Every structure is written in structure tokens, then in C-alpha cells.
Amino acid sequence: MKFGIFYEISVPRPWDPESERTVYERALEQVRLADELGFDQVWAVEHHFLEEYSHCSSPEIFLTACAVQTQRIRVGHGIVVCVPQINHPVRIAERAATLDIISGGRFEMGTGRSATWTELGAFCANPDDTKKTWDEIVRCLPKMWTQERFSHDGAAFRMPPRAILPKPYQKPHPPMWVAITSPGTEIDGADRGLGWLGLTFGGLEEQEKRIAEYRRRIKVCEPVGEVVNEQVNTVNFLYCHEDDATGVATGRRLQGTFGYMAAQLLSAREAYPTPSYPALGLLPQLRPDADSPGDSVRVPDGLCIGSPERIIEAIKKWESVGADRVNFLLNAMEVVPQEEVLASLRLFAKEVMPKFAKSEKAEPATALAGT
Amino acid sequence: MPLSGTLDVAPRLADAPRLDNYDTEAWEIADVELLSLTFEIDDAQMTSALPPALHPTIPPVAYFSVAAYPESPIGPFLLAQVRIGCRASALPRGFLLRAYSDSPAACDALGRRWGYQCRPADVRLRRYHDRVVGTVAVDAQEVLRASLVDPQPISGGSIFHVSTMTLARADDDDGRGVLVQVDPPYVFQRAERGMPEVTTFERSAWNAEGIEPVWPVTATFVRCDTGFPRIRYVLDARQPARTGTRKLR
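The listed protein sequences correspond, in order, to chains Y and F.
Here my numbering is used: the first residue of the first sequence is 1, the next is one more, and so on.
Here my numbering is used: the first residue of the second sequence is 1001, the next is one more, and so on.
This is chain F alone, in the form it adopts within the complex (with noise of 0.2 Å):
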């Protein structure tokens, strides 16, 4: 059978938010912009960054990601994340290692609702002709600069996007720690694709301590109407999701 993770979420927990409850609303947020890179990460890493009820993708995958919301229920911000390609069971999915935001509010919320590890930093997403940047600076040092390079429209019926897992605690995970399934619909207005660039990237402020960028494979910077959708799923972070899966709703 494929390989698992073999992560010890134990010290990640300590760091993880705790989750309020899972009975929150939805967020559906319209004209989002979302700039998103794929790079192959080097085999060293392909387990042991990911929790055991997870596997890794072959070849093992990172995906970089700055999103501009517009609105939202605590006002406009910008998510800057890090994960890593996986499968949930048979299921694409990427696993938070770790996630900012320019809005301490968004941070908080995210946090509550959805387990989304997020501090406060200055991100920011810019369009050229040429490229398109995102940035976190975290005390005035950048910490990620991640590019497309040289945008080309594409259709978005082409483009994929995979569902998050993040790492949460809840008050009936007994200790273990929950995987929380976030899984928004992504309504594509404009896709463009590209190569994916990335010239700064500090692990140790990801939780990505080893995960090496080997291989570029694709960018795409796309304007959407998505968000953040009710809870369906939750899975113990330490057996396989085959077994360890809770459907909420």
C-alpha cells in the first residue's frame, strides 16, 4: 500500500488554534484573486511532513498560494499559504503547513472557524504585465516572494484546485488533533497560466523545515468567486483517512 506520512503532530499541536465548534457558516466571497505555484519538493521530505492519515502525491508536490479577498465577514484581506500535495484516501488534497495573513482579524478567524495556523504579516499581491508577485514579509523580513512568470490566458475549466487539510484541535479530538476538510467551490472568471517562480522562501517560518523546491511545474493566477464553506469533514490526524474520517453534515 502507498506510502504515509509519518509527521509527529504532537508539537504541532501545541501551535495549532483550536477550533470554536464546527457548526460554522460558510464565507462565499466574490472576485478573488489567487495566485497559486506548483514545484516537485525533494523525497527526503515525501512523509515526514505530512500527518499518517495522509499520503504523499508521486512525485511529492508543494503548493504556494497569496489570495486577495475583497470582502468578507471581517473585511478585506490577503492569505498567504504553504502546503503540501497529498491524498486524503483515494482524494487530492494539501496539507497546511503553515498560513499569513495582513489582517490580524482574518488571522483569528480563520483560525476559530476553519484551523487555518495563520499569523499576522504584510502580504502582498501584485499584477505586471510581465509577472505576477506575492510576498510576506514577517517584522520586515520577506519570508516568501513567489511569481508567476510570464501570464498567458488560459481557460479556467482547466485549471484544478485542490481542498485543504489543516491541522486543528477541537474539544472532542481527545488530544489527537483534527484534520479539517476545506473544500470551497471555485467559480473561475479569468485564469491565466505561467511559469512559477520562487526566489524567497524561509522555511522555518512555514513549519517547512527540509521541503526543497526541486522542479517547477505550473502557476496559474486566476480571478474567482470562492471562499470558505461549511465543515463536512473532519479526520483524525493519526490514522488513515480511509478509517479515520467524520462526516459533519
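One chain only, chain Y, in its complex shape (with noise of 0.2 Å):
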């Protein structure tokens, strides 16, 4: 089992001139601790204009800094939007390249589509399409890494041979992943020998039949890449605590501001009929008894909060269902102080993650493809 972290970079309001700079130099704080205490890897989303939730549309950035700052933890964009409008597939392949290099290859390649008309239709994406063009994008992403020269002609897009340079660190080329939010889109990645990077929180049970089908499917892919990558990174939230009612009383508090602001958003779904997107994003996981507005949010089952006995035995409960790796959200719109923060990183380095470190030797990993 390794352990990551994980950031949308929430900036609550009022804004002022400092509170978006506040929140990253917060954030790099604490990737340099998580270095430190032996985290595996810190990822970062890609999300344009969705207010308070997530203001970082510049991930590559954000990591960069998290690299150039650090010696060990892997960097991973989680996930960068395949989707030509928001992204040309050139550009996604060059930045990659170029930050696995900054980092001494130590990048990570998340791979999605986005789940809002908030971001999709600013950019005039259609949703009916982007299942399409993240299939073709995610076919093409190797080819550019690897080939002297590569060229194309889909729908997505269409270019004429050129040398598609730097070319990544890593050989033959960084590990692949796919966000799985869908349901079905962990048989989307296991047939292309990508790996699970899971972007919904909790629902253990559904989560094992999923995980379970994944790893059945993904032994007979058909990989996108030179690399099979069969590895299942779920998301959780951290708050870790001496004293297990005052870090489930703030983990809650941690949850449910995310999962307010997270249900703030127009989703896809909800705004543009289409089969391409059969579920209303984050939101039915976050609440799924829910249909008041009155209703107290659920805590899922396996979230990381409370003692470090308590978050031991709920990242037990991911190792039986098939997890390789947790990466978890440790603050939501800055309700947690950062000294906080801080704190329940360095406790659950020294309590928990000792505890899992034997089982890394039995994990997964990638593989080259036709091994």
C-alpha cells in the first residue's frame, strides 16, 4: 500500500489579493512534509472556472513547483482534461514530457474528460464527444512519447509528421491512469492497460466489484501504451488525530464542506442530455440517501478520519477490496488550519503508514507491455 495526496486547490471567499497565493504556498508546505514523511505521490487536478471548488487549471505549474521543491514523491496530474478543446493533445504530450524531465521521472499521467457543462461547455466541447476523444487522445499520448516523429489523422484532431519534443525521462514512457467516475470506465481502463486512479470517495462494496472486474479485465488488455499499468489508486480524506472524536468531528467538517461545494457545480449531466455521461459526477456518491435538503451528509464507509487506529482499519478495508494506493484530500476550502493539517500528516506518517509498509512488496506494478 503507498500513500499520496491529492489537491483541487479550494479558495474560499471573500478573495483577496493573497488568498489564492496563500492557498498554494499552503499546499507546497505541505508537499515538501508529505516528501519528507515518505508519501509516494501528490497529485493535481485540472478544473477551469469552477469557483471556490478548484482553482487550479494549471496543474503542470502547481507540480512543477511541487517537484523542483522535493527529492522523492511522484508527481502525478490527476488528471489532465483530454479533450482537444480545453487541451491539444501535442501540448498535453510536450508539458508531460517536460515535467517528468524537471522531476527526474518522476511524473504521473492522469487521464480524463471532465464532468461539468461548467468547464465543458465554456470551451465548446460537446459532452456526446469526449468519451471519443479521450479514447483517441490516450492512444496517441505513447506514440508521441515514443516515436521520433508521429502524426495523425482522426476526429479529434490531425497533424502532419513532427518530432514531438522532449521526450519523457522515463523509458519507454510515464504510467498511464484514467479517472474513473462512470461507472464502466474501469472496463474502459482496464482494456487499455491503464491504471485506476479513482476520483469518488467511499462505497467499499462497490467499489471491490469494480476493482475485482478491473483486474480481471485489465490480464487481457490490449494496452495503449508500452506500459501496462495495473494499479488502483482510490481518493479519500485525511484528518488524523490523537483523540479519534476530535479528528471524525473534523474529518466530517472536512467531507461535507467539500462535498457542499462539490455539489455546487453544473455537471454535465444534469445540464446536457447525453449517454456519454450516465452519472451526475461526485454527487450521488456524496449523498447517496439524500433527497432533502435537510439531510445530514453520510459518512462512506473507509474514510480515513479519526485515530490512527480508526484509519488504520479503514485503509485495511481498501487493501481488501483491491487498493494499491490512497491518496487523500486534506483540506476543503481551508477549514482546516494548516498547522492542523501539518499535524495529521505527521501522525499518520508515524502511527499508520508503518503499518502498511511490508505489503508494498506484494503490490501490483506497471509492467511492459506483451511481459
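Check the hints yourself; a few may be wrong.
Claimed, not checked - With beta-carbon atoms standing in for the labels, derived distance ranges:
no., chain 1, residue 1, chain 2, residue 2, range
1, Y, Glu339, F, Pro1011, 40 to 50 Å
2, F, Asp1172, Y, Arg215, 32 to 42 Å
3, Y, Ser58, F, Pro1011, 51 to 61 Å
Claimed, not checked - The following residues of chain Y were derived to be distant from chain F, with all beta-carbon distances above 10 Å:
no., residue
4, Asn87
5, Glu226
6, Glu242
7, Arg269
What the hints assert, rightly or not - Some chain Y residues flagged as far from chain F (calculated, every beta-carbon gap over 10 Å):
no., residue
8, Val11
9, His55
10, Val68
11, Thr98
12, Asp188
13, Tyr272
14, Ser307
15, Lys317
16, Pro337
17, Phe356
18, Leu368
FYI, nobody ran anything at the bench for these hints, they're computed from the structure.
All figures in this text were calculated on a predicted structure; none of them were measured in a lab.
Idealized CB from N, CA, C, for every residue including glycine.
Once you've looked at the hints, go ahead and assemble the two chains, each given alone in its own frame, into the complex.
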């Protein structure tokens, strides 16, 4: 089991000239500490226009700062939006390769397609097409990284032969992942040899079934790249405190705030009827039992909040359903003071991480395709 | 925390219907035809169109709809609505600005039972091969013309209709007004999608001063079984839904 941290970069109103800089500086301080403490990965989302919820539109720049301020922690695009109106595929490949070089081969490539009308509508991207363009782009990225020259004539984009430079530092190329939110995307990931980058919270029972099917399908995959990445990376909240009640109370505040803010966004499915988005994004996972505005937010199973003992039990559950990695959201809207976030990280590293160190040897990993 | 509505509900309450009670029975109506358009609206009215109980969506949107109910306890009727997209706490909803119906009996019943601020008008819904058109005329003056252009069949499973919040008066609201959650089920028989087009929108007729559609999102036309449900939740219009929601059943 490996552990990582995960950033949306939420910035609460009222905004002043220091608001965003403060949140970014705090995030970087957390990343530096996580690196020292032995966390394995830091991931950053790509979101546009999502007021307060996420001010992380250029994660590659944040991740570059993370890379140059740390020694070991891997840096992950979680995810880059593979929609040509938002990111030209060549620019995705170029930025990823550059970050891989700057980080000394510590880059992880998460792919996805956005789930909000807020973003897709603003870039005039058709929600009907995003699955198709994602598929086309993830097939092209490894070729851009490994072929001396690349050309393409597809539906999402076309281009004459060019040398796409620089090439990634990792050979044959960085590990690739797909964001798993909509039901069925885990099958897409397995069939293409992509790692599972879970972006929904909780739901252990359902996740177990989906992970089992993912494991079964990826054995016979036709990988898009030269590397099969059979790893399951889940996301969770983290607030670790010596006093269980304090940890749970603060963690619930963190979880509730995140869910509340996520729900304010206009999902693609809500705004634009399309079979391409069968789920409402994060909303159903966050409020599975609620149909009244006054219902309390249920705490999903397996949430990593509370005392070290409680969190150890939660992670064991994730381990038992087949997760290889857990990434933690440490804060939302700055509801947890920075010193408490740092203390939570330190306590987790001291009391929880050692309990899972031995299982690393048995962990599935990336493998060269065809081996 | 997210932005909240700033609408002063007091002036609206003067014109709002009074609920008979919270125990109205459900109306289940088959073969309803429903035209619905979604537009992004100018963010200048992002909060001022909503009561303090509700949050605006990001981006702010308005829903224009015209529906034909072929049967009901008060006979067939058409109903046109303009709603503002919002969140009640974390849940997607549409806040009703005003409604019109071709049936005075429907206006009366919908107001007393579910809090619809509904006025009589000439409401029409017409299906052509290249478009579906909903119109509303008050005293022979057109106040809404909303169209779905170039209908294409899609699966009804792709459709998501947000539930409605109406503003009403109730005997136990202490003069503060209640938001009534109207959340009928939908069973879709047929669905089409196309581009939305609004060519007439008299804002003063819809309690929609300042509401400016700025960007088309989508339009749908469906045939479905739906109706009006028993009231399950009411909200205090002037405090956040998270704390001001009352569960009735």
C-alpha cells in the first residue's frame, strides 16, 4: 500500500489579492512535508472556472513547483483533460514530458475528460464526444512520447509528421492512468492497460466489485502504451488526530465542506442530456441516501478520519478490496487550519504508514506490455 | 461557502398563492408532452433571483418549459414555467419565477396544492418536423416563444429534469413564506434533443427582470408519465436549506 496526497486547490470567498497565493503556498508546504514523511505521490486536478471549489487550472505548473521543492515524491496529473478544445494533445504530451524531465522521472499521467458543463460548455466541447476524444488521445500520447516523429489523422485532431519534443525521462514512458468516476470507466481503463485513478469517495462494497472486474479485464488488455499499469489508486479524506472524536469531527467537517462545494457545480449530465455521462459526477457518491436538502451528509465506509487506529482499520478495508494506493484530500475551503493539516500528516506518517510498509512487496506494478 | 440567494421574498409573497394545507394528494398523469430549454444567464442576476434558502449554480442557468397534460382531475391543461437553476443545500432544483396555464382551474389548483404562482394565458405547444415550439400570450401579447430546433431522438435515460421549488404562503409560515419542493417522478416514453431558441421573453411577465439568457445549453422534448407528487419537504425561504428544511413525510 502506498499513500499520496491530492489537490483541488479550493479557495474560499471572500477573495483578496493574497487568497490564492496563500492556498498555493500552504499546499506546497504540505507537499514538502509529505515528501519528507515518505508519502509516495502528489496529484493535482485540472479544473477550470469552478469558483471556490478548485482554482487549479494549470496543475502542471503547481506540480513543477512540487517537483523542484521535493526529492522523492512522484507528481501526478490527476487528471489532464483529454478534450481537444481544452488541451491540444500535442501540448499534453509536451508538458508531460517536460515535467517528467524536471522531476527526474517522477511523473504520473492521469487522463480524463471533465464531468461538468461549467467546463465543457465554456470551451464549446460537445459532451457527446468526450469519451471518443479521450480514447483517441490516450492512444496517441504514448506514440508521441516514443516515436521520433508523429502524425495523425483522426476525429479529435489531425497533424502532419512532426518531432514532438522533449521526450519523457522515464522509458518507455510515464505510467498512465484514467480517472474513474462514471460506472464502466474502470472497464475502459482495464481494456487499455491503464491504471485505476479513483476519484469517488467511499462505497467500499461497490468498489470491490468494480476492482475485481478491473483486475480480471486488465489481464487480457490491449494496452494503449508500452506499459501496462495495473494499479488501483483510490481517493479519500485524511484527518488524523490522537483523539478519535476530534479527528472524526474535523474530518466530517472537511468531507461535508468538500461535498457541499462539489454539489454547486453544474454537471454535464444535469445540463446536457447525453449517454456519455450516465452519472451525476460526485453527487451520488457524496449523498447516496439524501433526497432532502436538510438530510445530514452520510459518512461513507472507509473514510480515513479519526484516530490512527480507526484510520488503520479503514485502510485495511481498502486493502482488502484490492486498492494499491490511497490518495488523501487534506483540506477543503481551508476549513482545517494549516498547522492541524501538517500535524495530521505527521501523525499519519508516524502511526499509520508503518503498518502498511510491508505490503509494498506484493503490490502489483507497471509492466512492459507483452511481458 | 457558496453564494446564496439575496432575493427579498416579502414583495413576492404578496403575490404568492396560499397553500390549502400540506396534505394534497398526488396527481399521476400519463402521456405528458414536455418541452424544456436550458440557457446560461447573465451572472449579474446570479443571486438576486433566488431566495436566501438557495444557492445559484455555477454557471447560473434558467429553465424554460411548456408542458401539455392531456388529463388531470381538473381536465387537460398546458403549463408554461420559467425557473432559475439552483441548489437547495447540495441538491439540484429549479426555483419557479412564474407559471402560466391555459386553464384557470389548473392555475387555481396548482397554486393551492403546490404553490405555483400561475396565471391564465394562451399557452400552446406545437410539434413540427424541424422544431418544437412553445408559446405563451397574455392578453393577445406574446410573452414567451421558446423552441427546440432540429430535434434528434435520444434515450430518455439521458434526461435529467430538476425538481421545482415554488414560493408560497402557508398558515404556519409566520409570514416568512415557504418553498415547496415539487419533485415528481418521470417515466420517459420518447425523448428528443436539439438546440434551444428563445425569440420572445417578456421579463416583466415572468418576475424575471434582469434575467438575460446569454448562452444556449440544450433543449429537450419528451413524452413521459409524470404529474405532481405529494409534498414531502418544505423550506423556510429565508434561511439556508441545510437548516431550514422540514420533512413532512
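Of the hints stated earlier, which fail here? Violated hints (numbers, rising): 2, 3, 7 and 13; every other hint is consistent with the structure.
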